[in-house]
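Chemist: So the sequence shown is numbered by the numbering used here: it starts at 76 and just counts up by one.
Calculated from the structure, these hints are not laboratory results. Treat the hints with care, since some could be wrong.
Unchecked claim - Within a straight-line C-alpha distance of at most 25 Å, the following computed DSS-like cross-link-like pairs (lysine-lysine) qualify:
| # | residue 1 | residue 2 |
| --- | --- | --- |
| 1 | Lys300 | Lys261 |
| 2 | Lys577 | Lys565 |
| 3 | Lys380 | Lys400 |
| 4 | Lys577 | Lys129 |
| 5 | Lys238 | Lys270 |
| 6 | Lys321 | Lys159 |
| 7 | Lys268 | Lys300 |
| 8 | Lys297 | Lys565 |
| 9 | Lys268 | Lys565 |
Please read these numbers as outputs of a predicted model, since none were measured by experiment.
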Amino acid sequence: MAISQIISLFLLHLLLPLASISLSQSSHQLICEVGTGNGGSIGGTSLLPASLSKLLIKGGTVVNAHRQERADVYVEDGIIVAVKPNIKVGDEVTVLDATGRYVMPGGIDPHTHLDAEFMGTVAVDDFFSGQAAALAGGTTMHIDFVHPVNGSLMSGFEAYEKKASKSCMDYGFHMVIRHWDESVSKEMEIMVKEKGINSFKFFMAYKGTFMVDDAVLLRGMKRCKSLGALAMVHAENGDAVFEGQKRMIERGITGPEGHALSRPPMLEAEATGRAIRLASFVNTPLYVVHVMSIDAMEEIAKARKTGQKVIGEPVVSGLVLDDSKLWDPDFITAAKYVMSPPIRESGHNKALQAALSTGVLQLVGTDHCTFNSSQKAFGIDDFRKIPNGVNGIEERMHLVWDTMVESGQISVTDFVRITSTECARIFNIYPRKGAILVGSDADIIIFNPNSSFEINPRSHHSRTNTNVYEGRKGKGKVEVTISRGRIVWKDDELKVAPGSGKYIPMPPFGFLFDGIEKIDAKLVSSFKAPVHRFKSDV
């Protein structure tokens with residue numbers, strides 16, 4: 076390589092953080108130009124950071140989880156500084172007209188896997204493309220899962236810091252626990268007290284890779300409780316799933332339908348119930364990720380009815396899809412629907428919707444973990460080798476609105492609660508996130524309930540070449556997305572910059588830990604033990 080080429084590459088590396096990115100739905104391409112640092116014309120639209128330091132959203136209906144009101148929203152330097160009617164501003168302020176629209180907190184996706192190394196490959200959406208897709212769909216923050224590296228939580232955290240260096244929106248981290256020893260226990264404390272992680276995930280499935288046994292789960296739950304961190308579980312009986320997979324292969328069922336048949340709802344329910352009982356034994360809050368079946372949901376409902384602190388998270392694929400496509404004769408079509416736990420047969424989705432509308436389930440994630448068709452083809456002769464994962468980070472807000480609000484199952488304020496506010500509350504970042512209140516971050520969407528959307532893999536912003544929601548149409552559309560005071564999505568065009576996103580530390584001891592000590596004390600007082608006995612000579 077010539078000296079001049081090396082210098083050019085070095086300069087490009089230095090300037091990359093200033094690069095502004097334009098993604099147009101019509102072209103579905105990334106266009107990267109090196110910015111001047113003081114604005115510039117990119118993709119036909121002028122980016123003026125100075126003007127975006129002051130922003131007024133005028134004439135809309137402001138919706139929070141607790142109420143909605145006609146009000147203007149005034150933003151300075153990425154923070155909401157006023158929410159009231161008829162705000163007057165000077166000419167230096169950028170004004171957005173939200174008449175006839177809802178002005179809502181940006182969505183928060185509690186469950187994503189960007190740039191994830193999984194099943195011998197890497198998810199195609201990284202922290203730039205995945206976040207860009209999220210912003211186009213009205214989501215302004217997500218929480219991703221950090222995996223240990225060589226058994227070290229710290230090494231895993233540092234690896235994900237590097238992955239996230241290209242972020243274009245705010246994000247947080249959960250941490251996965253894959254084994255147990257004293258170093259893991261110590262590193263959990265460092266993650267909570269120094270790195271802003273307040274949740275740890277335990278896989279009860281994926282035998283031989285991610286799966287932990289009950290001993291590790293119990294130790295992990297106890298440590299979570301002592302640190303004020305939330306224990307999370309992927310709930311499937313991994314041993315039984317392993318047996319189910321062997322059973323399918325022995326019967327010659329090697330296609331994607333074998334994936335669903337090998338891990339039926341009863342195995343999700345068993346693991347969900349077991350995790351709930353272990354959490355009750357430890358007396359610590361529990362978060363069950365991607366609740367996909369009636370059976371698992373009913374376990375959560377029973378526990379919550381007794382007063383146990385259990386959070387149930389359905390994902391959008393489980394709410395709006397059924398498993399019929401897994402039986403499609405075209406392998407590529409069927410394989411794109413493979414995820415775990417599996418998308419269930421029709422009826423489960425409606426029941427999950429009902430549970431969400433009544434508060435049995437609390438918030439909606441996506442489990443966004445995307446692989447293209449060539450990666451899915453790794454399992455063309457053996458469904459066990461199909462990388463598990465579907466898209467959803469861009470589609471979630473639209474699909475939840477159309478499925479839940481347009482159908483009359485929930486209100487507009489409920490929509491804000493299940494897509495944004497409840498996540499912020501659970502992970503202890505409310506009201507910085509998840510609200511349109513004075514002092515909150517200016518993560519805002521302008522939503523037109525009378526507009527419409529259609530999902531198409533040729534126009535979505537994910538890097539995957541498939542989309543499990545392809546062809547779906549509905550009412551309600553995100554017209555503007557604002558991330559920390561900057562307009563990043565408007566007129567069907569994205570304006571995002573790699574490196575502009577921020578890591579959001581999440582402090583421990585959120586509201587789910589309120590009253591835990593009293594429950595412990597009540598339990599101990601009920602023991603009537605130890606019994607003091609007289610020793611007698613025998």
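Chemist: Check each numbered hint from earlier against the structure, then list the numbers of those it violates in ascending order.
Modeler: 3, 6, 8 and 9
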